[in-house]
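Engineer: Turn these sequences into a full structure, and let the hints steer you where they fit.
As they're listed, the protein sequences go chains A and B.
197 is the number of the first residue of the first sequence in the working numbering; add one for each residue after it.
-16 is the number of the first residue of the second sequence in the working numbering; add one for each residue after it.
Be a bit skeptical, because a hint or two may be false.
Said to hold, decoys possible - Simulated pairs of lysine-lysine, DSSO-like, Cα-Cα distance not exceeding 30 Å: (1) K234(A) to K144(B); (2) K256(A) to K100(B); (3) K(-6)(B) to K68(B); (4) K142(B) to K234(A); (5) K68(B) to K392(A); (6) K199(A) to K144(B); (7) K420(A) to K382(A); (8) K234(A) to K100(B); (9) K100(B) to K10(B); (10) K100(B) to K199(A); (11) K234(A) to K161(B); (12) K100(B) to K201(A); (13) K256(A) to K10(B); (14) K68(B) to K256(A); (15) K(-6)(B) to K10(B); (16) K418(A) to K(-6)(B); (17) K199(A) to K161(B); (18) K256(A) to K(-6)(B); (19) K142(B) to K199(A).
Said to hold, decoys possible - Some chain B residues near chain A, calculated using beta-carbon distances under 8 Å: (20) G(-4); (21) F5; (22) A17; (23) I38; (24) R98; (25) F122; (26) R153; (27) F157.
To be verified - Beta-carbon label-pair distances, calculated as ranges: (28) R7(B) to S451(A): 18 to 28 Å; (29) E46(B) to G244(A): 38 to 48 Å; (30) T42(B) to N434(A): 19 to 29 Å; (31) M328(A) to G47(B): 47 to 57 Å; (32) G135(B) to T430(A): 26 to 36 Å; (33) Q(-1)(B) to E240(A): 39 to 49 Å; (34) H224(A) to D28(B): 44 to 54 Å; (35) C66(B) to P230(A): 40 to 50 Å; (36) E400(A) to D154(B): 52 to 62 Å; (37) R274(A) to C66(B): 32 to 42 Å; (38) T136(B) to E240(A): 26 to 36 Å; (39) Q(-1)(B) to R449(A): 21 to 31 Å; (40) E46(B) to H383(A): 22 to 32 Å.
Everything labelled a hint here was simulated from the structure, so no lab data went into it.
Predicted model only: the values in this text are computed from it and were never measured.
The C-beta atom is built at its ideal place from N, Cα and C for all residues, glycine as well.
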Amino acid sequence: MDKEKLENALIDYIDGLLSETEQAMVEHELATNPEARKIHEQLEVVLGTMEAYREFEPDKNARSEFQEFLDAEMTNVRRIRPAQRLVYRIAAAVALVITGAGIGYWISWQQEQKSQLMALKSEIRQTRQLVMDKLENDQSAGQRILGVQAAYAIESADQEIIDALIRVMNADPNANVRLSAIDALKHFHQEPGVRKALIRALSEETDPVVQIALIRLMIEMKEKEAIEPMRQITTDVNTLPAVRDEAYAGIFRLS
Amino acid sequence: MTDESIMEAVKNGDLQQASVLFDRYQKPIFNFLARMTLDRNVAEDLTQNVFFRLIRYRTSFREGNLFRSWVYQVARNVFVDHCHKEKQMRKPDYVDVEKVRDYILDRDDEEQSEREKVLYLSLQRLSIEQRELLTLTRFQGMPYHEVAELLGTSVANIKVKVHRAIRQLRDHYFELEKI
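Structural biologist: See the structure below:
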């Protein structure tokens, strides 16, 4: 038996893991081979010392420190929940208004198109123009949201529309418009530049609701490059605890 | 109540239940980290981090998973983060005598104390992976199949690696004993 095999067999012998036949073979080896006896003795010392190694007792204060942390977390959860509920209600109301307005807009728009009997090509061109016009409407956030909604419906957006959506996501003064732009860009994430723009937006965005939407989108897209901006969010003293928690969860899921 | 059902309750917002898991797992996790870091003070801090993460990332616990495997995975992550932070991924070239004294408390049996000291120094000479394997299987008493699941490998592979680690530990132990 070579040395490695012998050592393995002796470890299993000490651990009591051998069959009767294997055990008899090892015992024969021990009776006839002085080298085997020496290894056996040494293994017994090492494994025996490990066996006798005491368990350490942790610090007794750790229990109360953990309870303090737990109490703080429970207070935090109680404080965040009503705020979250409010955010969800507002989001649901905004979504309802947007959807209603969108549906109304689309119905009237389609009727108009039918009545004019325009060719398909010119229809697309007009739609595109409409999206661009609405996205660039500085006067009304509602019109810009409608523009985003319209872009969302275009199956293969061209670079100009994508660039406009990215511009809206980065620079629109209204958080709801930026949120809608993120939602629309999600559908074009395979297009070159969109993923990078979303990651960049995560580094620059400061509105908590938009930050949370971006973090959740990064998790959904399994975008590992978003880990670094998420880390920055966790270390930023101005970040709200709810956003920081989302960022921690994001780092954990993407790591 | 099982660990898993308690963790599900924590996940669903009953945070106070986490204290039950703390009472059940603080000692084993602390011992795991003490043997990985070979430093009691650092292990104390890291153990707290494990339980902080347990709360913070509670939603990542998946139904059907074993809590023990999950919490050890969190502990491993905490340890790896610590190593990155301290840039200790490579074994240090020297042994801090004070650290040994802190790790190995005095005991009445002088011969056993001496053996533990040599064992401590021998463990320090192993790679982190080998130390982890011996800690889990020998000190924590985790069966091979559970370690294999935790580390994402086969039982046969774990057994081969554990045996190799024991052989190296024996070599280091008796080299050091001669000194």
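Engineer: Hint by hint, say whether it matches the structure.
Structural biologist: Hint-by-hint comparison with the structure:
no., hint, in the structure
1, K234(A) to K144(B), "holds, 22 Å"
2, K256(A) to K100(B), "holds, 25 Å"
3, K(-6)(B) to K68(B), "holds, 29 Å"
4, K142(B) to K234(A), "holds, 23 Å"
5, K68(B) to K392(A), "holds, 28 Å"
6, K199(A) to K144(B), "holds, 16 Å"
7, K420(A) to K382(A), "holds, 16 Å"
8, K234(A) to K100(B), "holds, 22 Å"
9, K100(B) to K10(B), "holds, 22 Å"
10, K100(B) to K199(A), "holds, 27 Å"
11, K234(A) to K161(B), "holds, 15 Å"
12, K100(B) to K201(A), "holds, 29 Å"
13, K256(A) to K10(B), "holds, 11 Å"
14, K68(B) to K256(A), "holds, 27 Å"
15, K(-6)(B) to K10(B), "holds, 22 Å"
16, K418(A) to K(-6)(B), "holds, 22 Å"
17, K199(A) to K161(B), "holds, 22 Å"
18, K256(A) to K(-6)(B), "holds, 26 Å"
19, K142(B) to K199(A), "holds, 17 Å"
20, G(-4), "holds, 7 Å"
21, F5, "holds, 5 Å"
22, A17, "holds, 5 Å"
23, I38, "holds, 6 Å"
24, R98, "holds, 4 Å"
25, F122, "holds, 7 Å"
26, R153, "holds, 5 Å"
27, F157, "holds, 6 Å"
28, R7(B) to S451(A): 18 to 28 Å, "holds, 26 Å"
29, E46(B) to G244(A): 38 to 48 Å, "holds, 42 Å"
30, T42(B) to N434(A): 19 to 29 Å, "holds, 24 Å"
31, M328(A) to G47(B): 47 to 57 Å, "holds, 50 Å"
32, G135(B) to T430(A): 26 to 36 Å, "holds, 27 Å"
33, Q(-1)(B) to E240(A): 39 to 49 Å, "holds, 47 Å"
34, H224(A) to D28(B): 44 to 54 Å, "holds, 52 Å"
35, C66(B) to P230(A): 40 to 50 Å, "holds, 42 Å"
36, E400(A) to D154(B): 52 to 62 Å, "holds, 56 Å"
37, R274(A) to C66(B): 32 to 42 Å, "holds, 36 Å"
38, T136(B) to E240(A): 26 to 36 Å, "holds, 28 Å"
39, Q(-1)(B) to R449(A): 21 to 31 Å, "holds, 25 Å"
40, E46(B) to H383(A): 22 to 32 Å, "holds, 31 Å"
When held up to the earlier numbered hints, the structure conflicts with none and fits them all.
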